[in-house]
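Engineer: Listed below are the residues making up each chain.
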Amino acid sequence: MKRARLLIVDDELIMRESLAGWLQRDGHEVVTAASGEEALIKIKETRFDILLVDIKMEGISGLEVLKNVKESDPDTAVVMITAYGSIQTAIEAIKKGAYDYLLKPFDPNELGVLIEKILENQAQARENLYLREQFKETARFESLIGQSRVMQEIFELIQKVAPLNSTVLITGETGTGKGLAAKAIHSHSPRCHGPFVVVNCGAIPENLMESELFGYQKGAFTDAKTTKKGRLEMAHGGTLFLDEIGEISMRMQIDLLRVLEDKIFYRVGGTQPIEADFRVIAATNRNIQESIKDGIFREDLYYRLNVISFKMPSLKERKEDIPLLAEHFLHRFSQETNKQIERISREAMDEMMLYEWPGNVRELENAIERSVVISKTIAIIPEDLPIIRPDGIFISPDNTLEQIEKTHINRMLCENEWNISVTAKILGIDRSTLYSKIKRYDILKP
Amino acid sequence: MNISPEHKILISPIGNFDAEIIVSIEKGINAIFGFQTRIQPLLDDIGFALDAGRDQYNSTSILKKLESCAPANALKVIAITDVDLFIPILTHVYGEAQLGGKTCIVSTYRLKDSIPVRTGISLPGRIVKEAIHEIGHTFKLLHCKDNLCIMHYCRTEKDVDKKSDHLCRYCKILLDDAIKKLL
Numbered sequence: 001m002k003r004a005r006l007l008i009v010d011d012e013l014i015m016r017e018s019l020a021g022w023l024q025r026d027g028h029e030v031v032t033a034a035s036g037e038e039a040l041i042k043i044k045e046t047r048f049d050i051l052l053v054d055i056k057m058e059g060i061s062g063l064e065v066l067k068n069v070k071e072s073d074p075d076t077a078v079v080m081i082t083a084y085g086s087i088q089t090a091i092e093a094i095k096k097g098a099y100d101y102l103l104k105p106f107d108p109n110e111l112g113v114l115i116e117k118i119l120e121n122q123a124q125a126r127e128n129l130y131l132r133e134q135f136k137e138t139a140r141f142e143s144l145i146g147q148s149r150v151m152q153e154i155f156e157l158i159q160k161v162a163p164l165n166s167t168v169l170i171t172g173e174t175g176t177g178k179g180l181a182a183k184a185i186h187s188h189s190p191r192c193h194g195p196f197v198v199v200n201c202g203a204i205p206e207n208l209m210e211s212e213l214f215g216y217q218k219g220a221f222t223d224a225k226t227t228k229k230g231r232l233e234m235a236h237g238g239t240l241f242l243d244e245i246g247e248i249s250m251r252m253q254i255d256l257l258r259v260l261e262d263k264i265f266y267r268v269g270g271t272q273p274i275e276a277d278f279r280v281i282a283a284t285n286r287n288i289q290e291s292i293k294d295g296i297f298r299e300d301l302y303y304r305l306n307v308i309s310f311k312m313p314s315l316k317e318r319k320e321d322i323p324l325l326a327e328h329f330l331h332r333f334s335q336e337t338n339k340q341i342e343r344i345s346r347e348a349m350d351e352m353m354l355y356e357w358p359g360n361v362r363e364l365e366n367a368i369e370r371s372v373v374i375s376k377t378i379a380i381i382p383e384d385l386p387i388i389r390p391d392g393i394f395i396s397p398d399n400t401l402e403q404i405e406k407t408h409i410n411r412m413l414c415e416n417e418w419n420i421s422v423t424a425k426i427l428g429i430d431r432s433t434l435y436s437k438i439k440r441y442d443i444l445k446p
Numbered sequence: 447m448n449i450s451p452e453h454k455i456l457i458s459p460i461g462n463f464d465a466e467i468i469v470s471i472e473k474g475i476n477a478i479f480g481f482q483t484r485i486q487p488l489l490d491d492i493g494f495a496l497d498a499g500r501d502q503y504n505s506t507s508i509l510k511k512l513e514s515c516a517p518a519n520a521l522k523v524i525a526i527t528d529v530d531l532f533i534p535i536l537t538h539v540y541g542e543a544q545l546g547g548k549t550c551i552v553s554t555y556r557l558k559d560s561i562p563v564r565t566g567i568s569l570p571g572r573i574v575k576e577a578i579h580e581i582g583h584t585f586k587l588l589h590c591k592d593n594l595c596i597m598h599y600c601r602t603e604k605d606v607d608k609k610s611d612h613l614c615r616y617c618k619i620l621l622d623d624a625i626k627k628l629l
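Chains as they are written, first to last, in my numbering: chain A, 1 to 446; chain B, 447 to 629.
Hints were generated in silico from the structure; no laboratory data involved. Note that the Cβ used here is the ideal one computed from N, Cα and C, for glycine as well. Please note: incorrect hints may appear among the correct ones.
Heads up, incomplete: computed chain B residues facing chain A, CB under 10 angstroms, no partners named [to be verified]:
(1) K511
(2) V539
(3) D623
From the structure, some residues in chain B lie toward chain A, with a derived Cβ separation under 10 angstroms [what the hints assert, rightly or not]:
(4) F463
(5) T506
(6) E542
(7) H583
(8) H589
(9) T602
(10) L620
Using the sequences plus the hints, can you model the full thing?
Structural biologist: Here it is as structure tokens:
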């Protein structure tokens, strides 16, 4: 079962504790709240996959908690907990958007099946989102552009490591082009005529990861009507790009380590060993050393991946590339939208140079795309740009990049009334990244 | 915590059990965890945990009591009982463990149900699996999706019969990691 983050809201301590203990043994991360008021505070601080909410509570009721959650984050599943006397209210809650209700005390099997079902539905929705983003990503592969010294060094490094067969670990912030660098290594390697197979470890649900990577044999499980090759097998003769490797579960880390050592694996339900010849490139925006300290990433896997490693610079570290990148995107989006936009005004370019670009090249790309769409003249002007004006944000020389990022994310969220999808789009990051940044910076909804 | 040879996993029966059951648990613990065991009853009476309305015993209360009376050199404590256990939010449990903690408990009450005849399935076999499962939680092992792994959460007695009496290779590695940290 995939691990989830759950919030239990119940005013009875004993109920909260017993349910929390039970769910923790299933591997879930569990937070508890003793009242509706406390729940609303915790919901603002953290995003939860599932809420288990007692209907009858003093003060803010379970139904009010449900209403609030459905307004702020409709993707969160809310399960109402109720006693015999309040079934009618539970049915009312279903009409108002609750996923289901449980009658207490409930059968442990009923709870397990329900949580499994919710997580599978949520994972399916995320996978669909990822597939849509992956489709867009194909258009980005030509954009590893830069004249800055730091990018010239990256290009030289890519040329040097491409002919080797060693594993490469690419680090760097979101939107810096780690995927592009991986693709460039593949394109300049002797494997360039082989496949470049991408696995987004953060987007594929844990319960699907094993069959995605290793494939499955016909009859391995109920839905396995035919034998299917996994991505490892598909990467034979080419490169396997493990994006967001920091998000992979401990179980899959064990499997990956073994595959990296032996290059032999089995399909799910299969008994024949399969050998595949592929090169591995992994990427992450996480601090893996920290993850090792926290016990969520295996040190032995880290050393296996980290044979050659380099960090993609943030856009802030290569501001001199902004005009080149902006012109490139302008040309591309003008063609795509069939609009005659010939240039970026000097004032707009000045603003772009002053801006910090926390979402890096991806944010710049999205900003230009939006500007091209809304522009009414032959040039992009400052008003077309979805970025904060320099007079609207105080950037002290003492500010760290993280402080600036936090301020900017907070501002964007407020400007967009905490609409996560819209804000993520403007920032040039995906929704899950935005949620994790909200959590990391402890940004609270006003 | 540094483990010395005196550190043992305590098997703590509550009430009387067949020697076969206790010996089977000892062997199972030895095979899976590699630690020595000692049989030492710690609780004679668990009346304090009885919920008269439900006619069941609160396993969390029993674990708390066990923790308070466990000797210092007990690495882990597994209690065995024949009464029906519950935690307040659920109708029943086969057992309970303190995740990453010291104590756990397993009940034979529901495991006695529907033992098929002439299949080689025995009550001691079921109890050993569930006892090891609960001890696994005290080593921070979580429920495993592999339905043959002993850490798989069983919804029915049939599931208990179906799962093997050992850890899958993932859980084995995670257990080794957890034990290394204790050394």
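Engineer: For each hint, tell me whether it holds in the structure or not.
Structural biologist: Each hint, compared with the structure:
Violation of the interface hint for K511 of chain B is found here, the shortest Cβ-Cβ separation to chain A being roughly 16 angstroms, above the 10 angstroms cut-off. With its C-beta approaching chain A no nearer than about 7 angstroms, V539 of chain B sits inside the 10 angstroms limit, and its interface hint holds. A hinted interface residue such as D623 of chain B counts as satisfied when its beta carbon comes closer than 10 angstroms to some beta carbon of chain A; here the least separation is about 9 angstroms, so the hint holds. Checking F463 of chain B against chain A by beta carbon gives a least distance of about 25 angstroms; that is not within 10 angstroms, so the hint is violated.
With a cut of 10 angstroms, the hint placing T506 of chain B at the interface with chain A holds, because the nearest CB-to-CB distance is about 6 angstroms. The beta carbon of E542 of chain B is positioned within 10 angstroms of a beta carbon in chain A (closest approach about 7 angstroms), and the interface hint is therefore held. With a least beta-carbon distance of about 6 angstroms to chain A, the hint placing H583 of chain B at the interface is held under the 10 angstroms criterion. The closest approach between the C-beta of H589 of chain B and any C-beta of chain A is roughly 5 angstroms, which is under the 10 angstroms cut-off, so the hint is satisfied.
Taken as an interface hint, T602 of chain B checks out: its beta carbon lies about 8 angstroms from the nearest beta carbon of chain A, inside 10 angstroms. Proximity of L620 of chain B to chain A holds as hinted, the smallest CB-CB distance being about 7 angstroms (cut-off 10 angstroms).
When held up to the earlier numbered hints, the structure conflicts with 1 and 4 and fits the remainder.
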